[in-house]
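Work out the full structure: start from the sequences and follow the hints.
Sequences listed follow chains A and B, in order.
Numbering-wise (our numbering), the first sequence opens with residue 0 and increments by one.
Numbering-wise (our numbering), the second sequence opens with residue 378 and increments by one.
These aren't lab readings, by the way, just hints derived from the structure by calculation.
The C-beta atom is built at its ideal place from N, Cα and C for all residues, glycine as well.
You may find that some hints are simply not true.
Each computed DSBU-like pair below joins lysine-lysine, with the alpha-carbon atoms no more than 35 Å apart [to be verified]: (1) B:Lys407 <-> A:Lys124; (2) B:Lys412 <-> A:Lys124; (3) B:Lys488 <-> B:Lys515; (4) B:Lys487 <-> B:Lys456; (5) A:Lys183 <-> A:Lys147; (6) A:Lys181 <-> B:Lys487; (7) A:Lys61 <-> B:Lys488; (8) B:Lys487 <-> A:Lys124; (9) B:Lys442 <-> B:Lys515; (10) A:Lys217 <-> A:Lys233; (11) B:Lys407 <-> A:Lys61; (12) B:Lys488 <-> A:Lys43; (13) B:Lys456 <-> A:Lys124; (14) B:Lys442 <-> A:Lys147; (15) A:Lys60 <-> B:Lys515; (16) A:Lys43 <-> A:Lys183; (17) B:Lys407 <-> A:Lys217; (18) B:Lys487 <-> A:Lys183; (19) A:Lys147 <-> A:Lys124; (20) A:Lys276 <-> A:Lys217; (21) A:Lys183 <-> A:Lys40.
Distance windows between CB atoms, simulated [claimed, not checked]: (22) B:Thr398 <-> A:His120: 29 to 39 Å; (23) A:His120 <-> B:Pro437: 10 to 20 Å; (24) B:Ile508 <-> A:Glu141: 55 to 65 Å; (25) A:Arg197 <-> B:Ala404: 25 to 35 Å; (26) A:Asp259 <-> B:Gln390: 54 to 64 Å; (27) B:Val474 <-> A:His226: 50 to 60 Å; (28) A:Gly193 <-> B:Asp399: 26 to 36 Å; (29) A:Ala51 <-> B:Lys412: 31 to 41 Å; (30) B:Val474 <-> A:Lys183: 43 to 53 Å; (31) A:Glu160 <-> B:Gly389: 27 to 37 Å; (32) B:Lys412 <-> A:Ile118: 50 to 60 Å.
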Amino acid sequence: MSPNESVTMTDDTGVDLEAEFQASNIQELLDQLDRELIGLKPVKTRIRETAALLLVDRVRKKLGLASGAPSLHMCFTGNPGTGKTTVALRMAEILHRLGYIRRPDVVSVTRDDLVGQYIGHTAPKTKEVLKKAMGGVLFIDEAYYLYKPENERDYGAESIEILLQIMENNRDDLVVILAGYKNKMDQFFQSNPGMSSRIAHHIDFPDYSPDELCAIAKLMLDAQHYHFSAAGDKAFRDYIVRRMSMPHFANARSVRNALDRARLRQANRLFESMQTKLTRDDLMTLEASDILASRVFAQGEKDID
Amino acid sequence: MMTNLGNRVTQGQFSFLPDLTDAQITAQIKYALSKGWASSVEYTDDPHPRNTYWEMFGNPMFDLKDPAGILMEVNNCRKTFPNHYIRVIAFSSVRGVESVTMSYIVNRPKKEPGFGLVRQEGEGRMIRYTIHSYATDKPEGERY
Numbered sequence: 000m001s002p003n004e005s006v007t008m009t010d011d012t013g014v015d016l017e018a019e020f021q022a023s024n025i026q027e028l029l030d031q032l033d034r035e036l037i038g039l040k041p042v043k044t045r046i047r048e049t050a051a052l053l054l055v056d057r058v059r060k061k062l063g064l065a066s067g068a069p070s071l072h073m074c075f076t077g078n079p080g081t082g083k084t085t086v087a088l089r090m091a092e093i094l095h096r097l098g099y100i101r102r103p104d105v106v107s108v109t110r111d112d113l114v115g116q117y118i119g120h121t122a123p124k125t126k127e128v129l130k131k132a133m134g135g136v137l138f139i140d141e142a143y144y145l146y147k148p149e150n151e152r153d154y155g156a157e158s159i160e161i162l163l164q165i166m167e168n169n170r171d172d173l174v175v176i177l178a179g180y181k182n183k184m185d186q187f188f189q190s191n192p193g194m195s196s197r198i199a200h201h202i203d204f205p206d207y208s209p210d211e212l213c214a215i216a217k218l219m220l221d222a223q224h225y226h227f228s229a230a231g232d233k234a235f236r237d238y239i240v241r242r243m244s245m246p247h248f249a250n251a252r253s254v255r256n257a258l259d260r261a262r263l264r265q266a267n268r269l270f271e272s273m274q275t276k277l278t279r280d281d282l283m284t285l286e287a288s289d290i291l292a293s294r295v296f297a298q299g300e301k302d303i304d
Numbered sequence: 378m379m380t381n382l383g384n385r386v387t388q389g390q391f392s393f394l395p396d397l398t399d400a401q402i403t404a405q406i407k408y409a410l411s412k413g414w415a416s417s418v419e420y421t422d423d424p425h426p427r428n429t430y431w432e433m434f435g436n437p438m439f440d441l442k443d444p445a446g447i448l449m450e451v452n453n454c455r456k457t458f459p460n461h462y463i464r465v466i467a468f469s470s471v472r473g474v475e476s477v478t479m480s481y482i483v484n485r486p487k488k489e490p491g492f493g494l495v496r497q498e499g500e501g502r503m504i505r506y507t508i509h510s511y512a513t514d515k516p517e518g519e520r521y
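Written out as structure tokens, the structure is:
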């Protein structure tokens, strides 16, 4: 963080928010977020608001106005495959650009990395992880597993205690992001009120609509130099709608798995038509038949991811 | 010990300078991290210069990327042993080096009584000299 400039300030000292904004380079990041993440309107709005708050705080600090180190700990809730991890990575980048963390790194952990297996094992283990994450972002996936109310001798509580202590005392060194399913996280916060009050930003990730999922699929295919044929596009839309009503639907993750399987079938199809001459376009195109062969279209059969 | 008034123990780096501040310690740790050295915290209450193996405070901190974690351990150690000598060492694991590359004191007792000169009569009229820390007259843990 830049040190306070020792210039005498009056109430009408000019503030160049624009210049500050340009200097931090976050517009580029926010644009990238818009481009690469489909949908997620509320999430983007919250990130924009958070970035604005941090920027204004920074300017206030420069002008010698009180700006207590803002609490940056966050909680991302949402169904599987809604982009929580991806957004966490971007968030780290934004916080780094604004100078709130020293490295744009995210250390991603789950319960196994924090909670020990016997008495006295948990505290050093948790501390070790926290020390590794310092200066960056600690991302705790499926954070609700930390606390198991049915087992009062579970070591998770000890881990939470240490976590809380560090979250409070080392606010300048560490940003903690918790992630998990909405209802389970709500339960988690209910049984750990201390945790809830220390987290300022609760961001809820909505499910994607079929249109958004199709857009995501196209983005994924683009990155791998594939595209749908016109019929393939229609078939995939149909696939998405059917798949959404089935159990274990994991939004973008299911889309990625479906595309992986489609590529497999495409490769197989090309392999079987070996005698015909293939063009570059043939290698890139996913046809309707590659998608329609999915088990999702077979009546009464369940697809498994 | 002409330049070292006040009986300050001078071991390792920076020991003739005033005590390092937290910001200065952070800068040193950052340097060690930039070289890929693992830092660790050690303490003792025996200031004899030949006492090279101090007690370890926790394990050496491998794989850390940020100085804040190590400084946190330093402060923990200071809280536990406010009146001991505490040093931070950096270890280089480069093949062929594999030894301590930095060592500096980050905490010392409020009062350092210093060392006395001990004379021992040897054969003939020979005299052997050695130094003895006044602090070590008392048992371990009660010295400062």
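CA of lysine 43 of chain A to CA of lysine 183 of chain A, is that 35 Å or under? OK: lysine 43 of chain A and lysine 183 of chain A at ~23 Å, within 35 Å.
Given pair status - lysine 124 of chain A, lysine 487 of chain B, alpha carbons within 35 Å: 33 Å, holds
Hint check: lysine 456 of chain B vs lysine 124 of chain A, CA-CA at most 35 Å. Holds or violated? With Cα atoms ~21 Å apart, lysine 456 of chain B and lysine 124 of chain A stay inside 35 Å; holds.
Distance restraint evaluation - glutamate 160 of chain A, glycine 389 of chain B, Cβ atoms, bounds 27 to 37 Å: 36 Å, holds
Histidine 120 of chain A and proline 437 of chain B, beta-carbon distance inside 10 to 20 Å? About 19 Å separates the Cβ atoms of histidine 120 of chain A and proline 437 of chain B, which means 10 to 20 Å holds.
Given the hinted pair lysine 407 of chain B and lysine 61 of chain A, is their Cα-Cα distance within 35 Å? 26 Å, holds
Given the hinted pair lysine 488 of chain B and lysine 515 of chain B, is their Cα-Cα distance within 35 Å? Within the cut-off at roughly 15 Å; holds.
Sort out whether lysine 124 of chain A lies within 35 Å of lysine 412 of chain B, counting only the CA atoms. 25 Å, holds
Given a hint of 26 to 36 Å, does the C-beta separation of glycine 193 of chain A and aspartate 399 of chain B actually sit inside it? Check passed, 28 Å falls within 26 to 36 Å.
Quick check: does the Cβ-Cβ distance between valine 474 of chain B and lysine 183 of chain A fall within 43 to 53 Å? With a Cβ separation near 49 Å, valine 474 of chain B and lysine 183 of chain A satisfy 43 to 53 Å, so the hint holds.
Taking the beta carbons of alanine 51 of chain A and lysine 412 of chain B, is their distance inside 31 to 41 Å? With a Cβ separation near 39 Å, alanine 51 of chain A and lysine 412 of chain B satisfy 31 to 41 Å, so the hint holds.
Agreement of lysine 147 of chain A and lysine 124 of chain A with the hint, judged by alpha carbon distance not exceeding 35 Å: At roughly 18 Å apart (the allowed maximum being 35 Å), lysine 124 of chain A and lysine 147 of chain A satisfy the hint.
Checked against the numbered hints above, the structure breaks hints 6, 7, 9, 12, 15, 17, 18 and 32 and satisfies the rest.
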